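Given next are the chains, with one letter for each unit.
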Amino acid sequence: MTSLGRRRQSLDMQTRIIGITFVAVLLALGLSARALDQAAAQGGTVQAPRFEVDPMWPKPLPNGWLMGMTIGVGVDARDHVWIVHRVDTLSANEVGAAQNPPTGTCCKPAPPVLEFDTDGTLLHSWGGPGQGYEWPESNHGIFIDHKGIVWLGGNVGADAQILKFTQEGKFVAQFGRSGQGKGSNDTVNFGRPAKIFVDPRQNEAYIADGYLNKRVVVIDADTGVFKRYWGAYGNKPDDTNPGPYDPNAPPIQQFRTPVHCSDLSVDNLVYVCDRPNNRLQVFTREGKFVKEAFFFKKTLGDGAVWDVAFSKDPQQKYLYLADGKNERVNVLLRDTLELLTSFGDGGRQPGQFFAVHSIATDSKGNIFTTETYEGRRLQKFVYKGIAQVPRNQGVVWPGK
Amino acid sequence: MQRTVGATIAALLAVTIGGALAEPRGTNVVAQARGGAAAQAPAFQVDPLWPKPLPNHWILGSVTGVAVDSRDHIWIVHRGADSLTARTENGLGTDPPTAEECCRPAPAVLEFDSAGNLVSSWGGPGQGYDWPMTPGGIAVDAKGNVWITAAGWPEPPAARGGGAGRGRAAGAAGAGAAGAGAAPTPAPAPPARPFDAHILKFSPTGQFLQQFGKPGTSEGSAGKATFNRPAGLAFDASANEIYVADGYTNRRIVVLDASTGAYKRHWGAYGTAPDDATLPPYDPAAPPAKQFRTVGCVELSQDGQVYVCDRQNNRIQVFRKDGTFVKEVIVSKGTLGNGSVWDIALSPDAAQRYLFVADGQNHTVAILVRETLAANGTLGSGGRWPGAFYAVGSVAFDSKGNLYTGETFEGKRVQKFAPRR
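Chains A and B supply the protein sequences, listed in that same order.
According to the numbering used here, the first sequence is numbered sequentially starting from -12.
According to the numbering used here, the second sequence is numbered sequentially starting from 187.
One chain only, chain B, in its complex shape (with noise of 0.2 Å):
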């Protein structure tokens, strides 16, 4: 997600990788040399000690969104007890308990500093707005203004894994209740309510600010008012606009002004008129589509070029600020279900050399060439342990070239790669 302050970090560009690295965990950066060029690609190590355990047998669920502020402390979102399993792992924070020592959800929104203590936790539903049924990206803003998308769908717990948010598995990853031999307790039905349609934005403390959008309420792709499960947003401070990927039910890119949220201009792929009538199943053998199917993030360079997350097409599309298409580029052409562009962060060397590329379908951080788009090795396969992933959905950088990243599903982690010097 959005980082404020940029950094210089040559240091990070400076290592090269010649061979194989003898790399705990085997989850660092293999360089691909393209075209006959000199392998040169950063390199990251996981500090599989990092973040320090949470008190109070707190535990996160799905992480939906990852940022890092002025400070650079990272900012995570996670969907808390909606996507723990009551019976097996919110032993807690049930009613009744069924635990004695462990465990509960976090609260939705944690502050980590470098070091990885635990700075603030805040978040969940209060008085004069609407906490998202499932949050999507967070965002932190040159004044430390969090933002949060709200970007989840009302469906029944059976269909938990069926929808398209960041947090939400196109297969099903249950309780797995055969663990314990026992059956699954069935869950309730979820109260009836409207889908996700908004973005909050409170204190670094966790006041409430401002709300942009009602849930349940979109006029499509072509609203002025409106949005449709924002899936992440980012700032361009400099012309006081907030660049909005809208969404995961919206096929466009929509930018307001960052104070009012008054409506400015909206686009959708290529730079054409977003269009919601319905798409057949991606397939990597037909034309790319000629309109985003998934936006699930937005980020903006300092050179003014904007990128976009069009995950189920697993491609990203660049655009300058008021529209204009650039390029594109596909990633892992033949991924389906969820797609392979999830988030993207942007190195924070003065250049911006990079784009990191959260693959949560694939597993693993793809690397590319920010100027040429051209694959250069990716971070990390499918896994539990350390510097492993399962549903990496969220990427951001520190200044010092650290880089955070979060899980979704059932990964329900956030890591932290530092580079190799």
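So here's chain A without its partners, still in its complex pose (with noise of 0.2 Å):
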């Protein structure tokens, strides 16, 4: 779908000829900075959802405890917001208070499993190895579904297996066991699952799997029984090597690991993150191709394609798409899949990203995201209401 790309260049160009014919014309007028920015926001033709962060949330954390790479962010039935973040990857730099002998007196890390309520303020901290389960080498990936149950999966080495937890961190279920993943073709281990959604209707489990195998994994939700799985275009998954990504070649007929999503609409479609071959997929629930899309399609690398959230209008009209890779969310007309406007831009200021990794919408509409590498925050954006927005709206302070 390079005629998404070429439209959305089109656009663009339309934009900036509008753009500068406003700005002449209130130049003209002697009007102010401000209202030029408005203007060549309308100039822009765009209606979108609007997004403002809120630089001052969350609040600080307790104890003097700090979040590593943070690569899970859920919304649960209260709008709570749940993250979960590499206790491991923080550096003798920052958490100098754990070191032994201590180096100073700031930091620790923080549990890797944090809830927050509205406000921000922190209330739960939990996780990490313990009796009658097998912590993930590297916890990746996290959802609250409908009974409450709080979901982690595992994306490093011998990683192969689903956690469930309680909302206060008592164990529930293990689905795979670590070490026993048999590839793409497995129906009872993972390969290194990066993300679950589950449909509360169907009591299912769709798990995004992962950095390891190549596919869609839909499991019973209770059970974790194996109920269907398939691969790029509803295919058997193949676990061959498919080499590097090349944006000139036509699209491989299978995922490209990591498998970084795989979210279910209200109307029953699956939409799947094909990270590094820059693609959305679309299934239906059973795994039938529907439609597929690419974005920002010559990002090499980590690829453009990391999380999907929904918007929280009841027909869920737009998709908000994370990319960690050119650091940016980018909001789709879900119907078409086309990019109607981005937001966010490189940095570690407020509405900025480095590595923005995970996305997810509470009940208001609100954004939040959450940054891997150093970026190492969560965000929220908060929801402005459907409103003229340029194509490429940069950072969106309050107030701008």
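These are calculated hints, taken from the structure and not from any lab test.
Within a straight-line C-alpha distance of at most 25 Å, the following computed DSS-like cross-link-like pairs (lysine-lysine) qualify:
hint, chain 1, residue 1, chain 2, residue 2
1, A, 46, A, 351
2, A, 95, B, 519
3, B, 238, A, 371
Note that the structure is a prediction, hence the values are computed from the model and not measured.
Since each chain comes alone in its own frame, lean on the hints to assemble the complex.
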């Protein structure tokens, strides 16, 4: 679907021309820069959900706690925000108080699972190895299902399991066994599963599987019994190494690891993040291929399609796509997968990103993002309603 | 770093804190009364939306220096691509690019106005001078010229994080390849380069003016024509002298003629002759070292005192301008690793009543009463959100009493803290 990209460029050009015209006219009228900004936005001719970062959310963590690579975010039925981060990615420089002997008074790693209320206050924290389950080598992805259960995956080394906990951190169930993964056609274990999404109507869990396997797996959410699985285009998955991604080559017939999300919409479509292939593939619940779209197709390495979240209107009209390589959140029209607008840019300030990895929405339509690598933040983007916005919004600060 | 214009900020000092302030981010000054005295200290609030977003998808590398000029413009120097992770962070700055939209390193020297607008940007290798392998401090003199020390040491990328400079961490914080589940791309071996041993002077627009010292050339801490990884500098306009914190390898303060760079005098810890013999690792239980360990900064007060950051000895030593030792204070004595005393800013009230000490190991800014060197609270703690710090290594005030901080390692930010009134 390179046509999407061409169309975007064409619209960008139109935006610029219209924008220049507006600027010229308004300059002649002697209007303010702010008015010019607003006019340019209107000249962008795109109507989409608008967001502003809340730079002071969440509140500071207690106990001198820090987050490492933050590689999952979920929102529960009370709009509490849950994250999972990698404790062992914090450098000795950062967590001097946790060294032996301590090298400083600051800081310590926070427990891997953190729950925040809507005000951004940390409520609960737990996680890590324990009795009766195999904590992942590298926890990855978090989801809170309709029963309030917290699901976690793991994406490194021998990780081949999914874990379920209560919201208080009590172990509930483990599906798959560490070190037992047997590839993309295994029907018991996973292959470094990245993310979980639970369908409350069917009580089925969709597993983006994963960093080693190249498939989507659907399991019974209570028993973990495999019900079905599929690869790209609904093909039987094949673990043959496809070689490096080539933007000029025809799209490959398999997912490219990591398969990084598999989220189900209200109208029963499964949106799969085929991350380094820079594509989103859409399926029916049964795994029948529906359509695909490519984004920032020249992106190499980590790829452009990291995670998705749905807008909170009843129809889920919009799809929010996190791109941790180009450092932005893309707003898509879900029906057509058209890229309407993007916000964010690279950097360490509010509303900027370094490796925006995971995305989720609450019942108010607010967006929450987490950043991996050295980004290591949870950020909140406040939903401001449907508005005329530029195609490329840049950093969305309050009052801008 | 150095400010050249003094200004009275009585209001800054009039703020009295009693009990807990309901602060956003919890990073503001907490006054700590000493000896029963009334708790009184300047209080600050982070401006989370300063500076404004950079253009061109520019991002900062590890920030090694922050300075404020006489117009209250804020100057920073950062390490650029050298400190960015090519695979994850520098998607537009690599060949071939790995991203379509973001990001690339900003030029090494950036000038912001007080509103946070980017005013100018320049820096990097050029004709007639040796751009540092790793910049150290930045300072702006009374004429608006911009001085940068060269503080780098050649090391393989695998060892990045093993050095002692402001941009180098003592423990490794690398690419974090596990984040994407992919193996890190091995970085190519760096070109063989001599260590940094020089000071550069540019016009405000980035035109090269002067270089003192040569890379790879050092006579040690007794040398009269050379430096070794100088970390920062300060001006004495009345005497037309510059004071150099020399440095990450040398163990001295050296004073130069500001016009010619000619050597005038130098001294080591306690005002004695510096000795480059290897020191045992810092031990908080041992008597204070007789030598500087890492000379990370030098600042002059308006009443003629010279303040020196002895970083990995966790101490500030105070001298007269002739090098006579006056006194010292230990800050967070138990600190290991990179040490607690990275940079100092003197408060901009007429009496320069407080010292603000960047402590990049404990991720805070310590506040001392200048006269007594007594601890008087801290500002900030560890983290990546606004008002929090990772490796805060640079501090500077403007004439209005706003405090600016620079973070190195993976902090990679410049932040503004406004006085609460």
